[in-house]
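Number of protein chains: 2
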Amino acid sequence: MGAVRLEPRAVARSEARTRHERAAASEGASPVTTSLSGFPELLPDQRAVELAVLDALRASFELHGFASVETRAAEPLDSLLRKGEIDKEVYVLRRLHAPEEEGDAGLGLHFDLTVPFARYVLDNAGHLEFPFRRYQIQKVWRGERPQEGRYREFTQADIDIVARDVLPFHHDVEVARVMAEALAGIGFLPPLRLQVNNRKLIEGFVLGVGASDATAVMRAIDRMDKVPAEVVAKQLVDDAGLTDGQAKLCLRLAEIRSADTSFVHRVRELGVRHELLEAGLAELAAVIDGCAGLSSERLTVEADLRIARGLDYYTGTVFETRMAGFEQLGSICSGGRYDSLASDGRTTYPGVGISLGVTRLLMPLLQRGTLSASRPVPSAVLVALPTEEDRVRCDELAQSLRRRGIATEVAASAAKYGRQIRYAERRGIPFVWFPGADGTHEVKDIRSGEQVTADPDSWTPPPTDLRPQVIVEGEQK
Amino acid sequence: MGAVRLEPRAVARSEARTRHERAAASEGASPVTTSLSGFPELLPDQRAVELAVLDALRASFELHGFASVETRAAEPLDSLLRKGEIDKEVYVLRRLHAPEEEGDAGLGLHFDLTVPFARYVLDNAGHLEFPFRRYQIQKVWRGERPQEGRYREFTQADIDIVARDVLPFHHDVEVARVMAEALAGIGFLPPLRLQVNNRKLIEGFVLGVGASDATAVMRAIDRMDKVPAEVVAKQLVDDAGLTDGQAKLCLRLAEIRSADTSFVHRVRELGVRHELLEAGLAELAAVIDGCAGLSSERLTVEADLRIARGLDYYTGTVFETRMAGFEQLGSICSGGRYDSLASDGRTTYPGVGISLGVTRLLMPLLQRGTLSASRPVPSAVLVALPTEEDRVRCDELAQSLRRRGIATEVAASAAKYGRQIRYAERRGIPFVWFPGADGTHEVKDIRSGEQVTADPDSWTPPPTDLRPQVIVEGEQK
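Heads up: the sequence lines are chains S and A, in that order. Each residue of the first sequence is one higher than the one before, starting from 1 at the first, in the working numbering. Each residue of the second sequence is one higher than the one before, starting from 478 at the first, in the working numbering.
Just so you know, these hints were derived from the structure itself, not from any lab. Idealized CB from N, CA, C, for every residue including glycine. Hints may contain errors.
Derived list of chain S stretches under chain A, where covered just means 3 residues or more per stretch with a C-beta under 8 Å from a C-beta of chain A [to be verified]:
hint : stretch
1    : 121-128
2    : 133-142
3    : 201-212
4    : 334-345
5    : 369-379
In silico DMTMM-like links for lysine to aspartate or glutamate, alpha-carbon gap of 25 Å or less [said to hold, decoys possible]:
hint : chain 1 : residue 1 : chain 2 : residue 2
6    : S       : 139       : A       : 630
7    : A       : 703       : A       : 779
8    : A       : 893       : S       : 129
9    : S       : 248       : S       : 275
10   : S       : 139       : A       : 600
11   : A       : 616       : S       : 70
12   : A       : 616       : S       : 78
13   : A       : 616       : A       : 658
14   : S       : 234       : S       : 222
15   : S       : 139       : A       : 589
16   : A       : 616       : S       : 275
17   : A       : 893       : S       : 165
18   : S       : 139       : A       : 621
19   : S       : 139       : A       : 532
20   : S       : 139       : A       : 547
21   : A       : 893       : A       : 872
22   : A       : 703       : A       : 716
23   : S       : 416       : S       : 455
24   : A       : 616       : S       : 89
25   : S       : 416       : A       : 606
26   : A       : 616       : S       : 144
27   : S       : 139       : A       : 555
28   : A       : 616       : S       : 112
29   : A       : 616       : S       : 153
30   : S       : 248       : S       : 238
31   : S       : 139       : A       : 779
32   : S       : 416       : A       : 642
33   : A       : 616       : S       : 55
Please work from the sequences and hints to get the whole structure.
Written out as structure tokens, the structure is:
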């Protein structure tokens, strides 16, 4: 994890972190709750990490003019099942006491945010301005067999741009840039690789080598990360009907990747020519060019010609994303262009978008303790309580801190100060405020033990203590 | 709506608002999407209002030290059905292609956030610090017949404080204060009345008049807002077994309300004495006293002795909340104290909390156009595009604004400037940026028409234009 870098706001591990580790270690259990398989739940400090991620994503998306949309969790089953292979994973809804004749309500929980968004666009086309940029951060449900990276309930964060009739290609570059910037902006994730390809490029190449079933080729190439090249080659011959020579060319294509546009030259060296291939090369080069300058230690954008998204109905640009050290999770952020995201028969709505699997991304990092929060509570200050009679006065004092944006709680009981300090320690609250009887106040940093006089109308904690901070395992203060 | 007051951040209606009104009027339809009855969806500008509400709630809760928790949407049916009368409204989940023998998964969607939170506390008791303050903002589902204020899918915002074994009474005051402050802080809602009562007070009074079935009395009193006093009186006699004289006393009790502690005297005047009544009076007086100073034009906290929450298992303080002009919605924010929120047989976890029906509160205000947003997009600036060749330069310019927190989009096409300005107008984007070929820049406020030269590294819009603002119908600029 040496390459993970921290924003200045990340601080050293606190008492809470240590306590957390102790608890996890002593019970030999993952601190992520899974009392129902596939439905993970987070402890408050883990949720603070998730909130930091969701806040950063939202801020990035909104800075680029993407509007928030939420769709209902339930969709008519027939619209959910249109997408084909995924249908087996849908959860069907039934009202417990529905009359016998009503049967299933014909509703299922959405399994992604694309199908509901396409429906939303059709429902509301008259009220939307196109091109329409939206982000959508919601839970989705799939009845899959739970395993690492696969959950029955999980959060996705999608961005899409949808237009009426025509969506200019520069929006493909835009969604790549926005998601890349959003991911890089989170600041505490392992290095990410945003891999871009183009369906026209693959299809043009397949046609150029003299084959016809581009879909079968994409399905085979899609497995290159999972099975040896010989197996893919065999599948290309057996299922896609290629000759050995054609299969070899396709495999050489799929091995090409570059963080700049040098892939264009390498594809051309393979000697295959086709109009659609040229269109795909130009589009992919435009995305890679458009993302130049975004790459950093934290995030690389690259052309990767094995990316196919074989099972989805993309028609141009396709995206996948790998996280360093967590390649076994597969792609944590995928998407692409649909020439027809939605259609009502008269009007077609093309779209391009990317979907981030927030739960898939975060859960392994939380489960392994790679990420944690500096404290499980928002409170930066605990106001100590001299006696129960002082509660009103202490509440007022807390209010004066809150009015200036400092999250504050008042001690639950007027125990001895030592106990009140330990109460703060157990929660990772960095400061304890002691209200003096004579109107003088002192505030103690319980990490350093330093105690100073303070004015409730002006004292402010350091910015890094104002909110819980995300901590990366093994990072220095 | 004359009494509704606006925060300074609320601004006058914009183009977007006018457009929106026009669309709603011309189509004679509510702009809230309801293509599936009971599952409301919001247009982007309405969602901006909801986000403003959720952000304000979250900020208030966190300032008071409440930590965010989310629980899974699904709970085992047997734990959902424990709560009694509500069971008929549960949505049962079934995997579409579950093997025949698996049948229903035994899971249902949660219908509130209290049952799942109680389960979460038991699941994670070893990892939580008590007293534990949490807020939880999530969707819940009920298979009810849809009507105004009743939805099948809706958002709730709950705060609860839970302890192990003993939860001091001052936390009852705390949750009332926190929710009252959070609601008042939203700033653009109609006036709210937070009504507080105490089960001990009612039960003590019932016992004091010589009756025994306090539950039946509370169930009758609970209907006082819906049926005439005579009907309630009859129910008190017929169902609760009271004499006419006892019923009359109970009705007189239920008519008492006060925004200060004068209710104590008025109850005592009824001449009923009981130890439990005294305990309840003291607790209720403490809540009203503790909330003194919070009341404003926008929010009143008052003792209202008809509030009973008859169907829930509260054991002390109870809360309801009415919104002026929307009394037919019933309570939009309710809660109270449970002496046993959760129990694992060995340990009891008492709790006190309040649940705000965000959808119930907002949907009528959005549907009637009482609340809307100044624009449906986050963008404060549209960078105009001289020619398509300028896109990279314009993107860089937009990035320099975004880096300073100004949400910016670049025009979708290099149309004539007049068309680009209308593009901004239709979205309610207040500023259009014109990049000069010679490196000089001009920015136009399209509402006033004022156009000035501007530096992309320092120009900032007025704070009220930075984000979409919530607009209250009929309010002046």
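For each hint, the structure was consulted:
{"no.": "1", "hint": "121-128", "verdict": "holds (count 5)"}
{"no.": "2", "hint": "133-142", "verdict": "holds (count 4)"}
{"no.": "3", "hint": "201-212", "verdict": "violated (count 0)"}
{"no.": "4", "hint": "334-345", "verdict": "violated (count 0)"}
{"no.": "5", "hint": "369-379", "verdict": "holds (count 4)"}
{"no.": "6", "hint": "S/139 with A/630", "verdict": "14 Å, holds"}
{"no.": "7", "hint": "A/703 with A/779", "verdict": "20 Å, holds"}
{"no.": "8", "hint": "A/893 with S/129", "verdict": "18 Å, holds"}
{"no.": "9", "hint": "S/248 with S/275", "verdict": "21 Å, holds"}
{"no.": "10", "hint": "S/139 with A/600", "verdict": "22 Å, holds"}
{"no.": "11", "hint": "A/616 with S/70", "verdict": "11 Å, holds"}
{"no.": "12", "hint": "A/616 with S/78", "verdict": "23 Å, holds"}
{"no.": "13", "hint": "A/616 with A/658", "verdict": "23 Å, holds"}
{"no.": "14", "hint": "S/234 with S/222", "verdict": "14 Å, holds"}
{"no.": "15", "hint": "S/139 with A/589", "verdict": "17 Å, holds"}
{"no.": "16", "hint": "A/616 with S/275", "verdict": "50 Å, violated"}
{"no.": "17", "hint": "A/893 with S/165", "verdict": "20 Å, holds"}
{"no.": "18", "hint": "S/139 with A/621", "verdict": "22 Å, holds"}
{"no.": "19", "hint": "S/139 with A/532", "verdict": "19 Å, holds"}
{"no.": "20", "hint": "S/139 with A/547", "verdict": "11 Å, holds"}
{"no.": "21", "hint": "A/893 with A/872", "verdict": "18 Å, holds"}
{"no.": "22", "hint": "A/703 with A/716", "verdict": "17 Å, holds"}
{"no.": "23", "hint": "S/416 with S/455", "verdict": "23 Å, holds"}
{"no.": "24", "hint": "A/616 with S/89", "verdict": "22 Å, holds"}
{"no.": "25", "hint": "S/416 with A/606", "verdict": "18 Å, holds"}
{"no.": "26", "hint": "A/616 with S/144", "verdict": "22 Å, holds"}
{"no.": "27", "hint": "S/139 with A/555", "verdict": "23 Å, holds"}
{"no.": "28", "hint": "A/616 with S/112", "verdict": "17 Å, holds"}
{"no.": "29", "hint": "A/616 with S/153", "verdict": "14 Å, holds"}
{"no.": "30", "hint": "S/248 with S/238", "verdict": "13 Å, holds"}
{"no.": "31", "hint": "S/139 with A/779", "verdict": "38 Å, violated"}
{"no.": "32", "hint": "S/416 with A/642", "verdict": "20 Å, holds"}
{"no.": "33", "hint": "A/616 with S/55", "verdict": "19 Å, holds"}
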